[in-house]
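> Given next are the chains, with one letter for each unit.
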Amino acid sequence: MAQEFLMGNEAIAKGAIAAGLNLVAGYPGTPSTEVLETVAKFRDDDVYVEWSVNEKAAMEVAAGAAYCGANVMVTMKQVGLNVASDPLMSLEYVGIKGAMVVMVADDPGPISSQTEQDTRTFAMFSKIPCFDPSSPQEAYDMIIEAFAFSRKHKTPVFFRPTTRICHAYSSVKVADEIFVNKPEGFIKDSKRWVIFPKLSNRNHALIEERNRKISDEFSSYERNKIIDGDLKLGIATHGISYANTVETLKSLKNKPSVLKISTPFPFPEKLAYEFLKDKKEVLCIEELDPVIERALISVCGKYGLKTVIRGKMTDDVKLSGENLRDDVKHQIYAFLGLKEDKSSKADNAPELPVRPPVLCAGCPHRASFYAVKKAMKGQKTLFAGDIGCYTLGNAMPLDMCDTCLCMGAGVNIAQGVGRIEPNTKCFAFVGDSTFFASAITGAVNAVYNGADMTLVILDNSTTAMTGHQPHPGTGKTMMGEITAKVDIKKVLEGIGISDIAVIDPLKLDDAVETVKEMASRKGVKAIIFSSPCAMIFRPQNVCKVDTDKCVDCRMCVKEIGCPGIVIKDGRVVIDSSLCNGCGLCSQICPADAIGSEVITR
Amino acid sequence: MSTNIVLCGVGGQGTVLASKLVAAAAMNKGMKVMSAETIGMAQKGGSVFSHLRIGDDVVSPLIGEGEADLIIGFEPSETVRMLPFLKKGGAVITSDRPVMPVTAALVGSDYKGSDMTDYLRSLDIISSLKVVDTEKAVKDIGNPKAMNMILLGAASKNGFLGNITHQDIIEAMKAKVKPEFVEMNIRALEYVD
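One line per chain: the protein sequences are A and B, in this order. Residue 601 in our numbering sits at position 601 of the first sequence; the count goes up by one each step and never skips. Residue 1036 in our numbering sits at position 36 of the second sequence; the count goes up by one each step and never skips.
Keep in mind the hints are simulated off the structure, nothing from the lab. One or more of the hints may lead you astray.
Listed next, the stretches of chain A that the computed footprint assigns to chain B, with coverage defined by at least 3 CB atoms under 8 Å from CB atoms of chain B [unchecked claim]:
(1) 168-177
(2) 290-297
Capping the alpha-carbon separation at 25 Å, the derived lysine-lysine pairs in DSS-like fashion look like this [as the list claims (entries may be wrong)]:
(3) Lys225/A <-> Lys302/A
(4) Lys1136/B <-> Lys173/A
(5) Lys1145/B <-> Lys1157/B
(6) Lys544/A <-> Lys1145/B
(7) Lys1087/B <-> Lys339/A
(8) Lys1032/B <-> Lys225/A
(9) Lys1029/B <-> Lys1176/B
(10) Lys1130/B <-> Lys1020/B
(11) Lys253/A <-> Lys1136/B
(12) Lys342/A <-> Lys280/A
Just so you know, these numbers come straight off a predicted model, no measurement behind them. All residues carry an ideal CB built from backbone N, CA and C; glycine is no exception.
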């Protein structure tokens, strides 16, 4: 067995390949993105990989392949599962022929997400078995087992790491050989593959019976285990919280027993009973939902056990956010009645700066937002934002994101506000990848229902926030093929929008005039701000302040909030290591003091 | 026993690469390594950190408070932010060059790098402190991206990386970077005594 230093997501990808993967489809989203990218990098020629237009499309492509007997994986972040839930809920009733692992990365914190939803709870809701790894090595080993399990039971299975597993690096032992799966192909059988109420009723009962059997099977699954301790007290935990629990227990003389849950659904009830029966109290250390806690309470009720179950519902574990090393330590020490060495906190520490994330220096979105802000100054406006880098347009001083809900929501929210406030000029901002993922239907809705709004497409020719993935507008696929670009302007024309302007946001005066003109018209208008992401198309020049001309008015600082513009020794200077030479600052400087110079990078 | 290192800075300064080099050097010696990285939205100008843990009994990629043997800080206020992780008698290597958040320029809440480094000097829990004038250093090296190697070299030369030697880091670097950058990176790794 070779040993490699792998990110958790890389370990998951390599495990899936070793399990005989035939197809993977997904949509980018932190912390899940690197799984699909790693498969694309290391796949054999006959493994198919695609970034789908959204998670629902990915799920359906994978379902079709699984109907043929293929080993398939779908990758997404937790909120992506909401988009994919429609096909997945039905797919569980229909079942599959090959093997299907639905890799959903949860994000406790949340660190880079809208919600702290728990895929373990979704597993219970959808009746789909769920695997929950506690380290990159376990993720590698476990996903191979998850594929075998899925094939055995003809059901999709969830594989749900959290951010600290996805983005941990570790020495990982990887298999020398990979399994090869030859799909049988699609065999017509409408009684099996066409969902009707009759099929759903029959299969519902079968699924419930099957899940009872799987609960027993999981009770003897080696990754669900009891680690005996010295006390009548126990800790039940999972994932990264398990790893952090083990770290805390290392230094304790009298250790509680530990129940490690690797398959939260169907819950390994018999194993849990064995663990609980001689315990006085058990603390459940979990992130997100109290899944294990509820399950243990249910086991106690069912078997008449008097064990006291503590956790989130008794406020012994915090209700939201991550369980970091010291959170887990505090929880365990409090549970065991142990005193912690209080480290003396220094009280003379200097105040530390707050660092909210911001749009990069040279980001064309900054220019687009600024153009709209300038054009609409003094008017009653709504700026509906969306999901992507441009959500950061909310930061001061731009302050150009009034709402943000979920992928593609902005275009419809703008319409809703306009229905109640007809005198408000409503704008919706959406990036190119998000437009394809889920804003097209919103644009159709606007046209069909005769809305009065301006749709602003921020087209930077990539999916920037998640690390520059291709999408339908880029003309490239994850198989490395060049394909026809889906033209955003033509899509809008096809929908029936006739007022469309395409403009370079970095030409500020033109952009401002265009926005004024478009906003003054009635009906659905679209502005496509077209300028590539500064991180992939870096120009050869940087901006520079001529200190002789600079009148120190700080307009550049106050207006656009570029991280490349800094104050040094009381004067405005441009940090050449950050500047990408977009020239927006030079266009707003009233003293004409900002020029540019060519540099070699 | 494990060696625990916190690398910290502001998004885009190269913490992940520096952390990977130490990890590679450790793995070349047959040691077990785990690390936790900041990836995602915070990389856009936010505070970022890497926790790097070397040792056979490491289970969690995260370091607990008071556990780090060493903090390598690419930005002085970020170094101070990570101090709760430092163990009594731990070592600190930090850049003295502040990176102001955009908000600081806006509301005039600037801070001085020296506020941070003076504070670090006043602490007796730090057994060994190296403050590096990285602005001068990157000019001398001739590459603004060389800061991570300059600070990493300062750590390895002074024996702050547990069983990993300076030579181990140089070898790991050679295997990782493009041949045309090897010479520049060696100069960076050798820069601080």
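> All hints are to be evaluated individually against the structure, with a verdict given for each.
Hint by hint, here is what the structure shows:
no., hint, in the structure
1, 168-177, "holds (count 4)"
2, 290-297, "violated (count 0)"
3, Lys225/A <-> Lys302/A, "21 Å, holds"
4, Lys1136/B <-> Lys173/A, "43 Å, violated"
5, Lys1145/B <-> Lys1157/B, "20 Å, holds"
6, Lys544/A <-> Lys1145/B, "20 Å, holds"
7, Lys1087/B <-> Lys339/A, "19 Å, holds"
8, Lys1032/B <-> Lys225/A, "24 Å, holds"
9, Lys1029/B <-> Lys1176/B, "16 Å, holds"
10, Lys1130/B <-> Lys1020/B, "22 Å, holds"
11, Lys253/A <-> Lys1136/B, "51 Å, violated"
12, Lys342/A <-> Lys280/A, "29 Å, violated"
Hint violations for this structure: numbers 2, 4, 11 and 12, all remaining hints satisfied.
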